[in-house]
Amino acid sequence: MFLTAVTLALMVAQGGAQQFDLICSGQMDSWGADQVIIRKDSVSRARIDLARNLWCWDTCERVFVIDHVDDAELKLADARRPDGGRTEITVDRITGRFYNSISIRDPMHFDTMTIGKCEPAPYTAIPRAAF
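Residue numbers (the working numbering): 1 to 131.
Keeping only pairs whose Cα atoms sit at most 30 Å apart, straight-line, the calculated DSBU-like set for lysine-lysine is:
#1 K75 / K40
#2 K117 / K75
#3 K40 / K117
What follows is a set of in silico ranges between Cβ atoms, one per label pair, in the way DEER data are often shown:
#4 D34 / E88: 21 to 27 Å
#5 V65 / E119: 19 to 25 Å
#6 A17 / R86: 28 to 34 Å
#7 G84 / P120: 32 to 38 Å
#8 A79 / K40: 22 to 28 Å
#9 D106 / Q18: 34 to 40 Å
#10 T124 / V65: 14 to 20 Å
#11 I115 / G16: 21 to 27 Å
Hints are computed from structural coordinates only; laboratory data are not their basis. Since we're looking at a predicted model, the values are computed, not measured. Glycine included, each C-beta is placed from N, C-alpha and C at the ideal position.
Could you put the whole structure together from the sequences, leaning on the hints where they help?
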């Protein structure tokens with residue numbers, strides 16, 4: 001038990017917290033094929049577990065694998081979609097700058113882009129797999 005506590009303390013001291021939430025707020029722009037931009041305020045909570053390499057939004061209806069993490073950037077997602085679109089979600093670990101871009105191409109043309117800032121918050125556990 002003591003060894004586990006010491007190991008955990010060293011991990012946190014060397015690389016920062018391994019589990020935390022981020023409250024990300026900013027402006028979300030959405031547009032479709034007509035190019036009419038709809039702008040609104042956006043606030044989302046992301047649960048981050050670096051030890052398990054997992055993350056999820058708000059209520060954790062779906063859990064995702066973290067794409068990449070280093071000392072400067074947390075890349076939650078960077079994926080091409082089967083419809084030709086793309087999903088990219090990044091957080092600058094130094095400044096907190098948040099970027100979330102989702103492009104959907106088929107059957108409709110729709111894009112969203114959110115730029116803002118994330119602030120750390122107390123960790124809310126990501127559910128464990130049932131099997």
